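> Sequence:
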Amino acid sequence: MPVDQNSATEAEQFMYAESDPFSTFGMASSTWTRRHILSLADFMPSEYDMVLQTAVSFQEVLSRRTKKVPTLQGQVVTNLFFESSTRTRSSFELAAKRLSADILNFAPGTSSLTKGETILDTAKTYLAMGTDMMVIRHKEAGVPHAIAAEMDRLGVNVGVLNAGDGLHEHPSQALLDLFTICTLLDSEHPRLSLLEGKKIAIVGDILHSRVARSNIWSLTASGAEVHLAGPPTLLPKLFADFVGEQELGIRDQGLGVRNQGADFIQHSSPTPHTPHPTLPRKLFLHWHIEPALQDADYVMTLRLQKERMTSHLLPSLREYHQRFGITRDRLQLCQPEVKVLHPGPVNRGVEISSDLMDDPQFSLISQQVTSGVAVRMALLYLMGGSR
Numbered sequence: 001m002p003v004d005q006n007s008a009t010e011a012e013q014f015m016y017a018e019s020d021p022f023s024t025f026g027m028a029s030s031t032w033t034r035r036h037i038l039s040l041a042d043f044m045p046s047e048y049d050m051v052l053q054t055a056v057s058f059q060e061v062l063s064r065r066t067k068k069v070p071t072l073q074g075q076v077v078t079n080l081f082f083e084s085s086t087r088t089r090s091s092f093e094l095a096a097k098r099l100s101a102d103i104l105n106f107a108p109g110t111s112s113l114t115k116g117e118t119i120l121d122t123a124k125t126y127l128a129m130g131t132d133m134m135v136i137r138h139k140e141a142g143v144p145h146a147i148a149a150e151m152d153r154l155g156v157n158v159g160v161l162n163a164g165d166g167l168h169e170h171p172s173q174a175l176l177d178l179f180t181i182c183t184l185l186d187s188e189h190p191r192l193s194l195l196e197g198k199k200i201a202i203v204g205d206i207l208h209s210r211v212a213r214s215n216i217w218s219l220t221a222s223g224a225e226v227h228l229a230g231p232p233t234l235l236p237k238l239f240a241d242f243v244g245e246q247e248l249g250i251r252d253q254g255l256g257v258r259n260q261g262a263d264f265i266q267h268s269s270p271t272p273h274t275p276h277p278t279l280p281r282k283l284f285l286h287w288h289i290e291p292a293l294q295d296a297d298y299v300m301t302l303r304l305q306k307e308r309m310t311s312h313l314l315p316s317l318r319e320y321h322q323r324f325g326i327t328r329d330r331l332q333l334c335q336p337e338v339k340v341l342h343p344g345p346v347n348r349g350v351e352i353s354s355d356l357m358d359d360p361q362f363s364l365i366s367q368q369v370t371s372g373v374a375v376r377m378a379l380l381y382l383m384g385g386s387r
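Following the numbering used here, the numbering of the sequence shown begins with 1 at its first residue and continues without gaps.
Mixed in with the good hints there might be a few duds.
With a straight-line Cα cutoff of 25 Å, these simulated SDA-like cross-link-like pairs (lysine to any residue) come out [said to hold, decoys possible]: (1) Lys68 to Ser39; (2) Lys282 to Glu196; (3) Lys115 to Leu127; (4) Lys97 to Thr66; (5) Lys139 to His36; (6) Lys198 to Ser366; (7) Lys124 to Ser90; (8) Lys124 to Val156; (9) Lys282 to Leu333; (10) Lys198 to Gln367; (11) Lys97 to Gly74; (12) Lys97 to Thr122; (13) Lys198 to Gly344; (14) Lys97 to Leu62; (15) Lys115 to Ser84; (16) Lys139 to Tyr126; (17) Lys282 to Asp297; (18) Lys237 to Glu290; (19) Lys124 to Gly385; (20) Lys115 to Ala128; (21) Lys124 to Glu150; (22) Lys139 to Asp42; (23) Lys124 to Thr114; (24) Lys97 to Thr125.
Computed Cβ-Cβ distance ranges for the label pairs, DEER-style [claimed, not checked]: (25) Val346 to Ala107: 24 to 34 Å; (26) Lys139 to Ser112: 10 to 20 Å; (27) Asp355 to Glu319: 19 to 29 Å; (28) Asp42 to Glu319: 35 to 45 Å; (29) Lys237 to Ser316: 23 to 33 Å; (30) Arg323 to Glu117: 43 to 53 Å; (31) Ala149 to Ala128: 27 to 37 Å; (32) Arg348 to Gly109: 22 to 32 Å; (33) Gln322 to Ala128: 52 to 62 Å; (34) Gly349 to Ile103: 32 to 42 Å; (35) Glu60 to Lys139: 32 to 42 Å; (36) Lys139 to Asp359: 32 to 42 Å.
Worth flagging that the hints you see were computed from the coordinates, not collected in a lab. Computed from a predicted model, the values in this text were never measured in an experiment. Virtual Cβ for every residue (Gly too), placed ideally from N, Cα, C.
Given these sequences and hints, build the entire structure.
Here is the structure:
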């Protein structure tokens, strides 16, 4: 019986990966030293580039007929999702399966948490089952950090990956957003420096968005101008000092300057004070959408997180869409080749018009979902290879 050439090639690639499981994709994972991925605040440019290059390699794997490699064979990945999720949980589960890892999925509603067990005890239960990596999502900020600290205290070589914690961060979402944009600019060699000088607008519920906080770190590290836009109730002035406070560890009053006659606060963190070699971070705040969109190269719109709002912060969804919704007419303010992103889930007709969301000329939303699997494969691979 004749052998199909494509199948033979895929079989050879699979066998080759099995014989040398941690050096065939992207950069050698031996250069990756991070055990946990909890925040992007201290990510180095080289780490961003390593994730992007590794994700490109896995994107190629996902384009084959056989979309599976044995790089994490024998390792156990546990998804500890204490909060509801569709995209992130499914993406991490599929990524782990594509890497041939064994997967344990946690369901809080049917767990011993309902009987009084603590979160740390739940994590240690999965540790006793042989877990190698934990992917954690929780509605409260700091839970992944607490579990990572407990794993370190116990002296076990278990990696913890933050899949979204409260109003803190969502690192893997920001990395897949970065990958989506960078591969659009250079599909074979995506890198952080491609975004230097680009203008990126993030519009919507900034206050409650962990995605926005992570994207602020990744996008400003590239040298891009990041413009935040939203109503004052969802975009407080404290964001003007967000980057500066985190980098310096103190509040530097010189970083946020209110400009007379303008509706924005500009923040630019000087390079000499940063703890690692990045370009000066450029962050701008707008309480009107027009200046944020003016000549923007990319627009990221965010969902109104009504489940996190403890007070009445908006007059109505209709008024919000009129003032801050992304529509075709508003995109005329941007660059002609502007692209629109959204981390999902999307409220059609609120933060973005339904027709624009489905228009492949502008929308990168479906590409973001696809990119998520390759990027999360890269993160699990890098963490697994550093064990």
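> Could you check the structure against the hints above and give me the numbers of any it violates, in ascending order?
Failing hints, ascending: 1 and 31.
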